[in-house]
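Participant: Spelled out, the chains give:
There are 2 protein chains.
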Amino acid sequence: MTLTAAPETTSAYDLGPARALACRECGHRIPLAAEFACPRCFGPLEVAYEFPEITRAAIEAGPKSIWRYKDLLPVPSTVGQIANTEPGLTRLIEADNLAKALGVRKLWVKDDTGNPTHSFKDRVVAVALAAARELGFSVLCCPSTGNLANAVAAAAARAGWDSVVLIPSSLEQPKIITTAVYGGTLLAVDGNYDDVNRLATELAAEHEDWAFVNVNVRPYYAEGSKTLGYEVAEQLGWRLPEQIVVPVASGSQLTKVDKGFTELGNLGLVEPTRYTMFGAQATGCSPVASAFEAGHDVIQPQKPDTIARSLAIGNPADGPYVLDSVRRTGGQVGHVSDDEVVDGIRLLARTEGVFAETAGGVTVATAKKLLEAGRLDPDAETVLLITGDGLKTLDAVSGQVGPTATVPASSAAVRDALTSRG
Amino acid sequence: MTLTAAPETTSAYDLGPARALACRECGHRIPLAAEFACPRCFGPLEVAYEFPEITRAAIEAGPKSIWRYKDLLPVPSTVGQIANTEPGLTRLIEADNLAKALGVRKLWVKDDTGNPTHSFKDRVVAVALAAARELGFSVLCCPSTGNLANAVAAAAARAGWDSVVLIPSSLEQPKIITTAVYGGTLLAVDGNYDDVNRLATELAAEHEDWAFVNVNVRPYYAEGSKTLGYEVAEQLGWRLPEQIVVPVASGSQLTKVDKGFTELGNLGLVEPTRYTMFGAQATGCSPVASAFEAGHDVIQPQKPDTIARSLAIGNPADGPYVLDSVRRTGGQVGHVSDDEVVDGIRLLARTEGVFAETAGGVTVATAKKLLEAGRLDPDAETVLLITGDGLKTLDAVSGQVGPTATVPASSAAVRDALTSRG
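First to last, the protein sequences are chains A and B.
Using our numbering, read the first sequence as starting at 17 and increasing by one per residue.
Using our numbering, read the second sequence as starting at 17 and increasing by one per residue.
Keep in mind that the hints were calculated from the coordinates and are not lab data.
Fair warning: there could be bad hints in the mix.
As the list claims (entries may be wrong) - Below, computed lysine-lysine pairings styled on BS3-like, alpha-carbon distance capped at 27 Å: (1) B:K319 with A:K80; (2) A:K80 with B:K191; (3) A:K116 with B:K116; (4) B:K385 with A:K80; (5) B:K319 with B:K122; (6) A:K122 with B:K80; (7) B:K319 with B:K385; (8) B:K385 with A:K191; (9) A:K116 with A:K319; (10) A:K385 with A:K191.
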C-alpha cells in the first residue's frame, strides 16, 4: 500500500515527503494538487511519498504534537512554526481494569479526547489546513454534523483563516454553539446531511479559494489519521500491537492506521510484526460489517438509524478498503446495538475513567462482542481507539446514569443511604 | 515561601521530597499526615520539602504528564507506575492573534482543557490520590459542583478506588451525568454548596478511609497546581514569564503557581527572573479583588452571583495568600462582569480556537481590563491560564452565538447569504 517509488513529476509545492497523488484503483499518478478523483478511472486518489531517512530519536526529539511525524505527512517542513491547533500525542493508557472486565490479557486505550476540540478530527483538519495553505487556499470549509465542524472552525480561528461550515438546520443547539463560538461563517442548510454534502461539493467547484477538508483536499486530510497509528506504535515503545479495534464511519481512519503501521515497518522504525485490524460499527449503520459478513466486496448503502451519529455514514467511501485491510490482516468488522453502545460507554468510564462519545461506546462494545464470539484473541495485545468525547453526546447516557441517592445534609443520612445499598 | 529546611521528624510515609507539613501562619511543623490545620494556631498547613538534585534533562526525559515533576511533588517515587489519569503537559500556545486583539507584545495561552476530564482539577486530584494511597486511604471523595466532581470520579475509577462525590441536589442534569457516568457513589444532598461542604468535613472526620481531596488531604492536593507553573516555565524554554494571569476561586492555584516559579528559581532550573502575578475574578464573586482594591489584608466574604460558577467561592481560604503573592510581585487582582466574561470566552475562541469555560472568560476579560487600565504591561511577556472547558458551560454563550444564516441547499443561496453580509 505504501507508495515510495520516484515521482513522475516534480512538484510546485512543498508538501514534505509527498510526491504525487496516486489512484487507489488503477495506480495512475498525477502531480500534487487539490484533486480527489482519478482523471482516468474516477477512483479515489491517495498521497504517494518518497520518505527521507527517519530515526526514532529524531521523532522523539520533535514537538509534542502530530508534527513530530511531519516527515511522514503531506505537509511543509515548516508546518510546526505556523499557528495551528497542535493536536495529537494524546494518552495511550494501559487499561488493566477494562482488560479484566473484558477478559483480555493486555489492553490499551488510545484516548483521543485530549485533542484541542476533543476528537481525532483535529488531526486530520490540521494536516488538511497545512496542505491547503501550500496549495493556495485561504478559506477552510466542511459539511459536518459535529466533531468535524468543531475542528474546522477552531483550526481556522487559530490560523487566522476564514471558515465556512455547513450544517443541517435541524442540528441540535449544543452542536451549533460548539462550532459558532469560534466565530467563522456557520451556514444552517435546510435539508439533511446528504443535501449538505452535495452542496459542499458544488461550492468546492465554484470557489477556488475554499478548501473543503473532506472534499477537494481529502487525500491530504485523510493522511492525518496515520498519526493515530504512529502514536500507538511509539507509545508502545516502538512496536506494533497485535490487534487494534477502530470505529468505522467513512472507513478512512482504519485504512490509514493500517497504512501508518505498514510504513513504520517499511521504514525500519518498528519490527514489521503481524497485526490484525478490527472494524467497529453500530448495527443501525453497519454497511461495512454487513458486506464483511456476506463476503461481499461491494458496500450496499444503508439509511442510518443509530445514536452513534459520528459514525452514521450510510455509504462509506472507504468501505471497500476497510474490507481489504481487515481481510488481509485476518480481522473482522463487528457491529453492536445502541443499547450495547451505551453499555460500552459506561463500561469504559467506570473501569478507566475515560468518558467517550457514542463512537467510543461502539468500539468498546464491539471489542466485547468479538471477544465473546472468539474472534478477537484474548491472549493478544490489543488497542482500542477512542476517538471522541462523551461531553458531546450526553444524551446517549442521560437516561441511564444519575445520583446514587438523594439525602438530607447529615452524615447519619449518608450512612443510611450507603448501608441500604449494601 | 518555599520551605526546604531539614525535617524535625522522619516520616513513616514515602511522599517523595515531602518532609513535613508546615503552618503557613506560625511556621510550626508536624510530621506528614492527613492534617490540614495547624494544631497550634489552626492556620493552614502546607507541604515542606527537601528537594533532591534535579536537572532539566531528567525532567524532559520523564513521562509526558505531571509525573515528570514527581521529584517536586508530595507523591511516592513509584507514582507513574500505578494506574492514574496521567494529567498534565497540556498545550502552551503562542497566542499571537489574541495578543494583537489585546494589544500585548507577546502572549501565551496555557490550555488546560486537554486534561483527561478537561480541567486543571485532574492535576490536583491525581496528586491527592497518590498521597492519599500512601497515607492509607482507600476511598476518594469531594464536595463539588462541577469540575472537581468529574475529576474525582474519573480518577477513582481509573485507580480502581471507590469514590463518594457530594453535590447539591439542585445541580443541573449535564453536570450530574458527567460525574455519574464514572460509576462511583454520587450523593445529591438537599441543600446549597455550603451545606454540602459542611457535610464533607463531618464525613471526613467520621470515615477514616475516606480522603476528601479538598478537605483532609488538601495540603497535598493543592500542591498539584504547582505543575501549571512548572509546565509554563519548561514550555517557555526553561524560563519564567514576566506576567501571568490566574483565575482566583479559593486562591490556591495562584499561590501554587507562584510557589512553583520560586522553586524552579531556587533549584537553578530557571534563572530567577522577576515575574508579576495577576489574579482574575468575576465581579459577582470578587472578595479577593475587593480586598485588594481596598488595601485590606482580610477577605470580606461575599454571596456569589455570577455565571462563573467554578470560581464562585465567596469565602476563599487562600485569599490572604493571593494578596501576599500579588502584592509581593507588584501585580493586581482584577474583576469583570458576566457580560465581559462571555465576551472573553468568545474573544479567545475566535482568535485562538480555544473554547474555555466561564473561568477562562474571566481570565481573558480581566487581562483585557488590566491592560486597558495600564496595570498589565503590554510590553512584557504574558501568560494566561485557561483552566477549564467551554463544553461544560455551554449555557454561558448559548444566547450569544448561532448560525450566520439559514439557507436553502443551493450554492446561489449561499452566495447571496455571504454577499448580503458584506
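Participant: Work down the list of hints and note, for each, if the structure agrees.
Facilitator: Consistency of the hints with the structure:
no. : hint               : result
1   : B:K319 with A:K80  : 43 Å, violated
2   : A:K80 with B:K191  : 31 Å, violated
3   : A:K116 with B:K116 : 52 Å, violated
4   : B:K385 with A:K80  : 33 Å, violated
5   : B:K319 with B:K122 : 37 Å, violated
6   : A:K122 with B:K80  : 22 Å, holds
7   : B:K319 with B:K385 : 23 Å, holds
8   : B:K385 with A:K191 : 31 Å, violated
9   : A:K116 with A:K319 : 36 Å, violated
10  : A:K385 with A:K191 : 31 Å, violated
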